[in-house]
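All chains should be modelled from the sequences, with the hints used to inform the complete structure.
Number of protein chains: 2
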Amino acid sequence: MKKYHLLTPGPTPIPPNVAAKSAEPILHHRTKEFSAIFNSVQEGLKYVFQTKNDVLVIMGSGTAAMEAAVANTTSAGDKVLVCSVGSFGERWAKLCQAYGVDAEVIREESGMPVNPQKVQDALKKNPAIKAVFLQHTETSAGTVNDLKTIGKIVSETPAILVVDAISGLGGEELRMDEWNLDVVVSGSQKGLMTAPGLSMASLSPKGWKAVETSKHPKFYWDFKRIKKSIPDGETPWTPAVTLLQSLNEALRMIKEETIEKVWEKHRRMAKAAQAGVKALGFSLLSSQPCSVLTAAKLPEGFDGGLLIKKMLNDYGVSVAGGQDNLKGKIFRLAHMGYIDAFDLVVGFTALEKTLGNMGYKIPAPGKAAMEAATALV
Amino acid sequence: MKKYHLLTPGPTPIPPNVAAKSAEPILHHRTKEFSAIFNSVQEGLKYVFQTKNDVLVIMGSGTAAMEAAVANTTSAGDKVLVCSVGSFGERWAKLCQAYGVDAEVIREESGMPVNPQKVQDALKKNPAIKAVFLQHTETSAGTVNDLKTIGKIVSETPAILVVDAISGLGGEELRMDEWNLDVVVSGSQKGLMTAPGLSMASLSPKGWKAVETSKHPKFYWDFKRIKKSIPDGETPWTPAVTLLQSLNEALRMIKEETIEKVWEKHRRMAKAAQAGVKALGFSLLSSQPCSVLTAAKLPEGFDGGLLIKKMLNDYGVSVAGGQDNLKGKIFRLAHMGYIDAFDLVVGFTALEKTLGNMGYKIPAPGKAAMEAATALV
Chain A
275 MKKYHLLTPG
285 PTPIPPNVAA
295 KSAEPILHHR
305 TKEFSAIFNS
315 VQEGLKYVFQ
325 TKNDVLVIMG
335 SGTAAMEAAV
345 ANTTSAGDKV
355 LVCSVGSFGE
365 RWAKLCQAYG
375 VDAEVIREES
385 GMPVNPQKVQ
395 DALKKNPAIK
405 AVFLQHTETS
415 AGTVNDLKTI
425 GKIVSETPAI
435 LVVDAISGLG
445 GEELRMDEWN
455 LDVVVSGSQK
465 GLMTAPGLSM
475 ASLSPKGWKA
485 VETSKHPKFY
495 WDFKRIKKSI
505 PDGETPWTPA
515 VTLLQSLNEA
525 LRMIKEETIE
535 KVWEKHRRMA
545 KAAQAGVKAL
555 GFSLLSSQPC
565 SVLTAAKLPE
575 GFDGGLLIKK
585 MLNDYGVSVA
595 GGQDNLKGKI
605 FRLAHMGYID
615 AFDLVVGFTA
625 LEKTLGNMGY
635 KIPAPGKAAM
645 EAATALV
Chain B
275 MKKYHLLTPG
285 PTPIPPNVAA
295 KSAEPILHHR
305 TKEFSAIFNS
315 VQEGLKYVFQ
325 TKNDVLVIMG
335 SGTAAMEAAV
345 ANTTSAGDKV
355 LVCSVGSFGE
365 RWAKLCQAYG
375 VDAEVIREES
385 GMPVNPQKVQ
395 DALKKNPAIK
405 AVFLQHTETS
415 AGTVNDLKTI
425 GKIVSETPAI
435 LVVDAISGLG
445 GEELRMDEWN
455 LDVVVSGSQK
465 GLMTAPGLSM
475 ASLSPKGWKA
485 VETSKHPKFY
495 WDFKRIKKSI
505 PDGETPWTPA
515 VTLLQSLNEA
525 LRMIKEETIE
535 KVWEKHRRMA
545 KAAQAGVKAL
555 GFSLLSSQPC
565 SVLTAAKLPE
575 GFDGGLLIKK
585 MLNDYGVSVA
595 GGQDNLKGKI
605 FRLAHMGYID
615 AFDLVVGFTA
625 LEKTLGNMGY
635 KIPAPGKAAM
645 EAATALV
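These protein sequence lines map, in sequence, to chains A and B.
If you count by this note's numbering, then the first sequence holds residues 275 to 651, one letter each, in order.
If you count by this note's numbering, then the second sequence holds residues 275 to 651, one letter each, in order.
No lab work stands behind these hints, which were simulated from the structure alone.
Warning: the hint list may mix true and false statements.
Copies of the same chain look alike in the list, so a pair counts if it works inside one copy or between any two.
[What the hints assert, rightly or not] Computed cross-link-like contacts, SDA-like style, restricted to lysine to any residue with a CA-CA straight-line distance of at most 20 Å:
no.	residue 1	residue 2
1	Lys399	Arg541
2	Lys627	Gly595
3	Lys483	Ile533
4	Lys368	Ser488
5	Lys277	Pro510
6	Lys306	Asn599
7	Lys399	Lys601
8	Lys483	Pro637
9	Lys392	Arg381
10	Lys489	Lys502
11	Lys480	Lys498
12	Lys545	Gln597
13	Lys483	Lys501
14	Lys277	Leu301
15	Lys277	Met527
16	Lys326	Glu508
17	Lys489	Ala367
18	Lys539	Ala367
19	Lys306	Tyr278
20	Lys398	Asn454
21	Lys353	Asn599
22	Lys489	Asp376
23	Lys426	Pro639
24	Lys489	Ala350
25	Lys502	Asp577
26	Lys535	Tyr634
So this is what it looks like as structure tokens:
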């Protein structure tokens, strides 16, 4: 009978009308009825990506689209630059390694964004660099990178800029075309408010040129093959029909709200969450916090793993802990997609109660939840 | 207001209780609640595959699992044998080509199964062959291969046997362990009565040995990584939670019915469909027809494409046409998964009506539907 509250960075809560779409009778994928949904999803994704380019839809979580980006735009032995500001930056490095791609890695300290100057310097020093990989928002640290500045820098070189916007898309401002982003990948289960199972990739004309020379083996997520079938309103392989039915409804909601208002709502939520963290007496992990997730540092010696577990077990409230070297040391509160201001109030109330139960002295009882409530308009 | 009837080989109709599961509130995938579902799916899949081996679940349609099988068990330059009895056999050949794997291809005439003697001869002539790829049921032709005999032949050599059981699993008899099958791949949207988006691969100990030496680049569908997380009741990447909720329910239904009874039902449906085709005055494409789909040859010069289109437009009944060199020359009636005897009656009624509308003289009006009805028990 316990009611669950999901404040995790994917899967995120699914609006009931979006969930209901996935239970509708299944359509065959070679029909005009399916093509109408497919084309509508295509238009909706272009709007959310802020691009005129096609958006390729493949099955898999975001990591599938990240791998597909590496497999389609590089070749073994290529020199590339990876900018890592957390665990998902490291994933780019691991993917390059798996594909025999020679990656130079810029690693920033936990919580710091990529320094655009370092990107510029690296590209100047090594003009053979064919691609720059980075995150839009780094979910492990709650950091947003300055894509606009980095996009300009990379656009003045022969390299392409490949962006993981898995947790950022549909929450954090992103303008693919205006910011000169060459490859943007994302997933269905975060800002897009849909169940996990779909991922996307969009490529600029410069990105497509890189595809032409790529030599890695690929078949199922061969970008050229997927692009070729878009004008026919279909996919080369059987698509995840029910997930696309859901995604279409979620995109309709975003269009109705307008993407600018969606970004604004996320900014407001982030500010409220940051104030809530401070009210609890903690500090933010990130020096350049993103709009979709807030990461807070716990006091030295505090058992962050237990905090997460107790919040879920005692109150049914699910937030995320730290990953890799941050394990046990932070908590992360997602405020993306369908998560709203009252969910934040619930999250901070559960945090305060659990922290209290664990013996932590709350500096100003009740203040964190009321800070969260400032996100209400 | 038109009611649609889906008699296509994937997606197949989804039972309402299975569809409803996908609309339930989303669970986070690192929870004991999700692990319980994951473990139950694991047990259910082992039962349907008739194996003691783990069954790896990946996101994607069946082609993703086919590619993953090639990427995980071979290396560039390897010699392999592909047995092709239709379009999906050709897919194995194309996948091998994409990965630089040197495939010798045995091609049988349309409608013929693989001749096991040819497999034995090829393996004898070329002991360097590392893997044999073939279909359980070839969906483009409605043919079932003799996996039991071929399994025995391959098991006596160092080669592994890799089986595409995408359309056959959960309909056509398949006994992975007893028949010495080393790699079996399948998908969610056929006999497993679930929406498209999930695919599976199971490997024998001999299959896992082949994985150890494979050198292709891979990350997202790296079999070793996926296997490693199974004992923890999870997947390395965010899984398609809602599709797994559905699949768990579909597997529960199959277990309740027992797999032997499910196979028997499909055999009965196939016999009824074959009799229906003959009653319409047509002949079967396949000399060794499978239990999950019936392919019928249309008279010379008859427009098969128009037949399919008219059945869908006029009556809302969706059957499949021919692919590649069989385009326009055949129709294919699926009777897999949740498709039942009354659906077959509907299918044959729509066929007879549409054929009549197109000027074809029905030999014995009403007979085909009554032959289909013999599948009722």
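Lysine 399 and arginine 541: within-copy, between-copy, both or neither at 20 Å Cα: Answer is neither: 36 Å inside a copy and 68 Å across each miss the 20 Å cutoff.
Homomeric proximity label, lysine 627 with glycine 595: Cα distance no greater than 20 Å: within (17 Å within a copy, 62 Å between copies)
Homomeric proximity label, lysine 426 with proline 639: Cα distance no greater than 20 Å: neither (46 Å within a copy, 72 Å between copies)
Within, between, both or neither, where lysine 489 and aspartate 376 count as close if Cα-Cα is 20 Å or less: both (15 Å within a copy, 17 Å between copies)
Intra/inter-copy verdict for lysine 306 and asparagine 599 if alpha-carbon distance must be at most 20 Å: This pair counts as neither: shortest intra-copy Cα distance 50 Å, inter-copy 24 Å.
Homo-oligomer pair classification [arginine 381, lysine 392; C-alpha up to 20 Å]: Within. Shortest intra-copy distance 10 Å satisfies the 20 Å Cα cut-off; inter-copy 56 Å does not.
Homo-oligomer pair classification [asparagine 599, lysine 353; C-alpha up to 20 Å]: neither (27 Å within a copy, 44 Å between copies)
Identical-chain pair category, lysine 326 with glutamate 508, by Cα at 20 Å: within (19 Å within a copy, 38 Å between copies)
20 Å Cα threshold - placement of proline 637 relative to lysine 483: Classified as neither: same-chain Cα gap 56 Å, cross-chain 59 Å, threshold 20 Å.
Within, between, both or neither: lysine 306, tyrosine 278 at alpha-carbon 20 Å: between (39 Å within a copy, 13 Å between copies)
Lysine 277 and leucine 301: within-copy, between-copy, both or neither at 20 Å Cα: between (33 Å within a copy, 12 Å between copies)
Lysine 489 and alanine 350: within-copy, between-copy, both or neither at 20 Å Cα: Classified as both; 8 Å inside a copy, 13 Å across copies.
Violation of the numbered hints given earlier is confined to hints 1, 3, 5, 6, 7, 8, 12, 15, 18, 21, 23, 25 and 26; the remaining hints are satisfied by the structure.
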